[in-house]
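With the hints as constraints, model all of the structure from the sequences given.
Below are the chains, spelled out letter by letter.
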Amino acid sequence: MLRLRVISTAAALVFSAACATSSTTFVEQTATPMIEVEVPKVAADLSAADPFAAYWNASRPASFALIAQPMLPPRPDHATTDDIQVQAIHDGTRVAFRLRWHDAEPSEAGRLGEHSDAVALQFPVVNDRLPPVTMGAAGMPVHIFHWRAQYQRDAERGKPEIKDLYPNASIDMYAMDFKEAASGSTEEREQFNPGVALGNPQSYKKSGVDELLAEGFATSAVQAGHGSVARGEWKDGFWTVVITRPLVIEGASTLRPGASTSVAWAVWQGGLHEVGSRKCVAMNWVPLKVQ
Amino acid sequence: MANVKNWQLGRDVAYQYPESRPKKQWAIVFDLNKCIACQTCTLACKTTWTSGKGQEYMLWNNVETKPWGGYPLAWDMRILEQLGRQDWDKNGAYLGKTVIEAADDKERVLHWAPRDEDWQYPNIGEDDCGGGTLDGGAHLRVLPHDKWFFYLPRTCAHCTYPACLAACPRKAIYKREEDGIVLIDQERCKGYGECVRACPYKKSMENPYTRTSEKCVGCYPAVEQGVQPQCVVNCIGKIRVMGFISPPWRARADNPVDFLVHEKGLALPYYPQLGLEPNIYYVPPIHADRQYLEQMFGPRVHEAIARYRELPKDPVAAGLLCLIGSTDRIIHRFDVKDGKASGYDEAGAELVTVPVSEPVIERPPWDARIGAIRNNTP
Ligand code: SF4
Ligand code: SF4
Ligand code: SF4
Chain A
96 MLRLRVISTA
106 AALVFSAACA
116 TSSTTFVEQT
126 ATPMIEVEVP
136 KVAADLSAAD
146 PFAAYWNASR
156 PASFALIAQP
166 MLPPRPDHAT
176 TDDIQVQAIH
186 DGTRVAFRLR
196 WHDAEPSEAG
206 RLGEHSDAVA
216 LQFPVVNDRL
226 PPVTMGAAGM
236 PVHIFHWRAQ
246 YQRDAERGKP
256 EIKDLYPNAS
266 IDMYAMDFKE
276 AASGSTEERE
286 QFNPGVALGN
296 PQSYKKSGVD
306 ELLAEGFATS
316 AVQAGHGSVA
326 RGEWKDGFWT
336 VVITRPLVIE
346 GASTLRPGAS
356 TSVAWAVWQG
366 GLHEVGSRKC
376 VAMNWVPLKV
386 Q
Chain B
85 MANVKNWQLG
95 RDVAYQYPES
105 RPKKQWAIVF
115 DLNKCIACQT
125 CTLACKTTWT
135 SGKGQEYMLW
145 NNVETKPWGG
155 YPLAWDMRIL
165 EQLGRQDWDK
175 NGAYLGKTVI
185 EAADDKERVL
195 HWAPRDEDWQ
205 YPNIGEDDCG
215 GGTLDGGAHL
225 RVLPHDKWFF
235 YLPRTCAHCT
245 YPACLAACPR
255 KAIYKREEDG
265 IVLIDQERCK
275 GYGECVRACP
285 YKKSMENPYT
295 RTSEKCVGCY
305 PAVEQGVQPQ
315 CVVNCIGKIR
325 VMGFISPPWR
335 ARADNPVDFL
345 VHEKGLALPY
355 YPQLGLEPNI
365 YYVPPIHADR
375 QYLEQMFGPR
385 VHEAIARYRE
395 LPKDPVAAGL
405 LCLIGSTDRI
415 IHRFDVKDGK
425 ASGYDEAGAE
435 LVTVPVSEPV
445 IERPPWDARI
455 GAIRNNTP
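Chains as they are written, first to last, in the numbering used here: chain A, 96 to 386; chain B, 85 to 462.
Everything labelled a hint here was simulated from the structure, so no lab data went into it. Keep in mind that the hints are not guaranteed to be accurate.
Stated by the list, open to error - The calculated lysine-lysine pairs, modelled on DSSO-like cross-linking and capped at a C-alpha distance of 27 Å, are:
#1 K89(B) / K130(B)
#2 K258(A) / K424(B)
#3 K255(B) / K181(B)
#4 K118(B) / K424(B)
#5 K254(A) / K130(B)
#6 K130(B) / K274(A)
#7 K300(A) / K255(B)
#8 K118(B) / K231(B)
#9 K397(B) / K322(B)
#10 K181(B) / K89(B)
#11 K190(B) / K255(B)
#12 K255(B) / K301(A)
#13 K274(A) / K258(A)
#14 K421(B) / K190(B)
#15 K421(B) / K322(B)
Take a look at the structure:
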């Protein structure tokens, strides 16, 4: 307990030092190890995701150790991401999380054998009965917000065509894609692309962040979004990603000032071919204190 | 992890899920002595199944020249090298580890991950000989040849214990109970590519456009209607037959695939030591290096070659070989009587009847009518 108090005093000092510099310029603060995440209220519009907005000065970054996903093979051999720095704020209707972790170089995926850097936030659907932190369990769902550099690329530059991934690819003709005669409709042409034809969300342009519900490993399913927005930037060996969402999402996770809830996270190093169950995760649920 | 029976290895092996054999098991038998690498099979599959975006590089069926060819690059050497020693005991039981048994506790399958450059050379090593270099022309008078190559056509093996299925953390891959065909659910696949890493035969492939993994579908819509796959019915060399294989304890001598694999021991699974009970079977090429063949087909390869050379004395086997390529339909049962071979469908209806030997006509080498020498060019 004493140690904890010392840590939070140190954090408070850093915090006031940061605030002292300026309230209109963003200052990257040093994160300190914590056991919970405080979510102060700010007077700002959190409908867009901005990793370097000055309003982040109002939140103390807390750092949390990550472990290599321990349950389900295939899993990483060791923790490839040691820790994650977390900041959170809300504006009365939306809550924003700023997540920062070390990654030597950005990976966006697209070509064969490549994987994307990614981060996910996980919330319990029922706050007073915490599901297993390992993606929930049957009857105990979790609500997940999954950002990938690859999804952000979709949102900003469109879902890549083969020519975007392989500029020198030589393709005679795709089915029903005639140069001179009438071509089929988009739908008819997409019949030849099974994932698209069957409506697999993975095969469609992403908005930057996927919302999912899961009741245990292997069960995650993409949901219609509830207005979550995300944006990340890689700079100087760090990814900084902001995910914002409404505080209350009926039928999924709800965050209310004063009420207790929890959060967890996962990080994927795409450059190390992490994807799916190859990830580093929070050791346990972390309490969220929404002010 | 479960213990499951693998008849190809003569022992139980470890697998992710308990043994659950399908009612029928899809299988293809290829006679490697007859493949001419015309790639008609490859194109038949390509035009049927993989003309879409992201499938440009995919060859669910490919034909490579052994020993130097491989698509993706050196796929077999790269997994065999990792697997370590692959010894067999005198009774034909496998003593080494399978790709599942050799994986550490953080992985499900021993594997390597192909990158895009590995998929760039479908024809590498084509028609290149093994057995060293030559300064001049060669005369290959004895078997096996000291300079050799052979063509290896490959599809997905719709394994009894698929590594692709075992590796998928989303359980998006399933093996059909009715015919043993292994499919990737294109609605649920999230493109993690674990199957691509895990399949030691490298027959699961990433689609960078749909961002899912795809593989040979065994031509299931045809199979459901009693028709053989596209790569089989279009084979120019008539070297292939598709049917259903039984495990040895349920083998039927009048089932063409059971006859070739179990009854005669003519056709063998390839790289059985990987441990998946693959269901494509090969009649080994009699001219190729025996050690190489033993590595690829296991210790029973010598016996298979001896049996093959005795075929002219075996009217039933000769009859079956005549049936291969004579019908598009799946032959469930065959018989050979009075110099004729017949194939029947699942309901017992006759599909085709062919003569076992055609009349032989011997002609003098000089054709006096047109004043020319006759060439014996088959
Ligand atoms: S069509 Fe038949 S003969 Fe031609 S390459 Fe394919 S398997 Fe060989
Ligand atoms: S050959 Fe590969 S892709 Fe096909 S079933 Fe076996 S493991 Fe799966
Ligand atoms: S069985 Fe069908 S899908 Fe599979 S390789 Fe042959 S033609 Fe292609």
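Structure-based check of each hint:
no.	hint	verdict
1	K89(B) / K130(B)	violated, 35 Å
2	K258(A) / K424(B)	violated, 56 Å
3	K255(B) / K181(B)	holds, 25 Å
4	K118(B) / K424(B)	holds, 22 Å
5	K254(A) / K130(B)	holds, 25 Å
6	K130(B) / K274(A)	holds, 21 Å
7	K300(A) / K255(B)	holds, 24 Å
8	K118(B) / K231(B)	holds, 18 Å
9	K397(B) / K322(B)	holds, 21 Å
10	K181(B) / K89(B)	holds, 14 Å
11	K190(B) / K255(B)	holds, 17 Å
12	K255(B) / K301(A)	holds, 23 Å
13	K274(A) / K258(A)	holds, 17 Å
14	K421(B) / K190(B)	violated, 57 Å
15	K421(B) / K322(B)	holds, 22 Å
The structure shown violates the earlier hints numbered 1, 2, 14.
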